[in-house]
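Colleague: Fit chain D to the given chain U structure using the hints.
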Amino acid sequence: MTKKEFLCELESKLIKIGKSTESKKTIEYFDEVISDMIESGMTENDAVEKLGNIDSIIDSIRDELTTDPIPVEKKKGEYVTDVVAGSVENLIYDDKNNSVIIESSPDDEFHITTHETEQKGYNISQSGNDIKIIAFEKEGFKKIRSIFGFTSVNEKTYPVIIKIPRTFSGNIDSKTTNGSAQIKGVSANNITLKTRNGSVRIESIATKYIDADTTNGSITVNSVASDHTELHTTNGSITLNSIASPTINASTSNGTVHLSSIAGSSLNVSTSNGTVDFRSISVSGTVIFHSSNGKIVGTLAGKMSDYAITSNTSNAKNNLPNGTSGGIKLDVSTSNGRIDVHFSEE
Amino acid sequence: MDAQLKRGLFEAAVLRTLKKGDSYGYLIIKDLPPELDATESTLYPILKRLESSGCVRVYSVEHNSRLRRYYSITNIGEAKIKKFLEDFALVMKVYNYIDAEEEQ
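Respectively, the protein sequence lines represent chains U and D. By the count of the working numbering, the first sequence reaches residue 346 at its end, each step adding exactly one. By the count of the working numbering, the second sequence reaches residue 1104 at its end, each step adding exactly one.
No lab work stands behind these hints: they were computed from the structure. Check each hint, because a few of them may be wrong.
Stated by the list, open to error - Under the rule of at most 25 Å between Cα atoms (straight-line distance), these lysine-lysine pairs were calculated in the DSS-like manner: (1) Lys13(U) x Lys1082(D); (2) Lys24(U) x Lys1048(D); (3) Lys74(U) x Lys1019(D); (4) Lys208(U) x Lys194(U); (5) Lys1048(D) x Lys3(U); (6) Lys4(U) x Lys1048(D); (7) Lys156(U) x Lys194(U); (8) Lys25(U) x Lys1030(D); (9) Lys163(U) x Lys142(U); (10) Lys50(U) x Lys1006(D); (11) Lys1080(D) x Lys50(U); (12) Lys75(U) x Lys132(U); (13) Lys1082(D) x Lys25(U); (14) Lys1030(D) x Lys50(U); (15) Lys50(U) x Lys13(U); (16) Lys25(U) x Lys1048(D); (17) Lys3(U) x Lys1030(D); (18) Lys132(U) x Lys1048(D).
If you're wondering where the values come from, they're calculated on a predicted model, not measured in any experiment.
Next up, chain D with everything else stripped away, as it sits in the complex:
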């Protein structure tokens, strides 16, 4: 998959996961669709990016006498999901056009 496209999908999918409730690295991976091939390593830069663009907030919670960082979606993050869906509605229209051409 194209890297740019994949990153956009990855970010939106992480935000969607967090919309269900605050979560932490390992659990986010478990919730993501398998098609994204997400690993703990590929998730990290995505979380960093979402944090620095203000889409998520981070806080720590103690778990088994260590700290777990929880990620929580912000208003900016919610707006980003909405924007993603609007953009993809257009992409789907073009997809349908391309797909129809293939069938001819």
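Isolated chain U (complex conformation):
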């Protein structure tokens, strides 16, 4: 077998077992050692033969790649799992009925703190470029629950704490319910935070894309630089301060929206039954504020003539004209609430 044939077969078999992310490194390694053997005087055939059977190479790699990090019990029921940042690209957290705190690590490892309770445990696994933190319900409890037909039992919960190394530049995907989600002092490529019946707090973050989603909870964002920001809740307020983000889409219902120190090119805010108030808003492309049964008040950067204004409300005063022809599109609409928008240079 030639070197080329050997490497092709090895690669196609690695892809078949779902280790395509590992295949490049593996191929590079074997390419290098075959070249080194040939350089030391072996024939290409002999070199490939010395490596042995491809299937047993695959088997040994498969075993090595499933070695999971080992949780260490620090206090009764409290486990800390350390993972070397290495090639980790995706951090995935999936839980129910719990809060999560994601913050920066003091060193170049991930440190994950989880609690095991009578009902619940966590599986922390590492394969390829992924770390997964997955909550599971203990079998014994699941059985009892199915016999007696109840859905859950209140027990004390402990938030999961995930510390992210500063060197990390991959993706964070966090999903829980009935608990809050907090992220602070982290940089990442993509950040997704989802919860239900809990608040979301995002602070001191640099990222390309951030998506926060909850229901029955507020969203608070402070000091964030992001290429794209999506924030959605229902029955909760949204508060944004010090945001530099070309695109910001924020929506809630039955909640107020407070905005301060925002820089971007597109800002789209909508609520219902809530006030929208804002100051220091500097947007170059499009500003949209929509509400119903709530007033819209605040100050935008520049002069009124910088904006192309469309505005309307009902049963209340509106201080904006319609039909100005500036370069920035400004669309303000509500009902049963006044519109009172000012401009910083007037």
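Modeller: Below, chain D alone, put in the same frame as chain U:
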């Protein structure tokens, strides 16, 4: 040899090799004790494991217009050798006990 035992010996031996200086796949094999029956294929998963546990660091160097990956031992790797030697000091005590029993 028991697979688990062999893997522990293999890892510690690779770390010992790297303690003498940074090295690359083919050369590491040449330096390892022959009793380990190490080949380029069996070395690969060991290197992967040492890398993912932070015991070694990897960097590339150009050689004859191709890249060679060099492995370098880290502090974690040095600590791992120390731990291995401590563990084996205990193993040797038990070995001596077992060996003495055999002689009787």
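Colleague: Now tell me, hint by hint, if it's right for this structure.
Modeller: Against the structure, the hints:
Distance hint between Lys13(U) and Lys1082(D) is unfulfilled; the C-alpha atoms sit about 38 Å from each other, more than 25 Å. A threshold of 25 Å between alpha carbons decides the hint, and for Lys24(U) with Lys1048(D) the separation of about 13 Å falls inside it, so the pair holds. At most 25 Å may separate the alpha-carbon atoms for a hinted pair to count; Lys74(U) and Lys1019(D) exceed this at roughly 32 Å. Among the hinted pairs, Lys208(U) with Lys194(U) is consistent with the structure: their alpha-carbon atoms are about 17 Å apart, no more than 25 Å.
A distance of roughly 22 Å separates the Cα atoms of Lys1048(D) and Lys3(U); the hinted pair therefore holds under the 25 Å criterion. About 23 Å separates the Cα atoms of Lys4(U) and Lys1048(D), which keeps this hinted pair within 25 Å; it holds. The hinted pair formed by Lys156(U) and Lys194(U) meets the criterion: a straight-line CA distance of about 21 Å does not exceed 25 Å. Of the supplied pair hints, the one linking Lys25(U) and Lys1030(D) holds, its CA atoms being roughly 22 Å apart against a limit of 25 Å.
Restraint check: the Cα-Cα separation between Lys163(U) and Lys142(U) comes to about 30 Å, which exceeds 25 Å; the hinted pair is violated. Of the pairs offered as hints, the one joining Lys50(U) and Lys1006(D) holds, with about 20 Å between alpha carbons and a cut-off of 25 Å not exceeded. Distance restraint check for Lys1080(D) and Lys50(U): the Cα-Cα separation of roughly 30 Å exceeds the 25 Å cut-off, and the hinted pair is therefore not satisfied. The suggested pairing of Lys75(U) with Lys132(U) holds, with an alpha-carbon distance near 22 Å, which does not exceed 25 Å.
Distance check on the hinted pair: Lys1082(D) and Lys25(U) sit about 29 Å apart at the alpha-carbon level, beyond 25 Å; violated. For the suggested pair Lys1030(D) and Lys50(U), the alpha carbons sit about 14 Å apart, so the restraint of at most 25 Å is met. Taken as a hint, the Lys50(U) and Lys13(U) pair is honoured in the structure, with Cα atoms around 19 Å apart against an allowance of 25 Å. Among the hinted pairs, Lys25(U) with Lys1048(D) is consistent with the structure: their alpha-carbon atoms are about 10 Å apart, no more than 25 Å.
Taken as a hint, the Lys3(U) and Lys1030(D) pair is honoured in the structure, with Cα atoms around 21 Å apart against an allowance of 25 Å. Annotation: proposed proximity of Lys132(U) to Lys1048(D) holds, straight-line Cα distance about 20 Å (limit 25 Å).
Violated hints for the displayed structure, listed by number in ascending order: 1, 3, 9, 11, 13.
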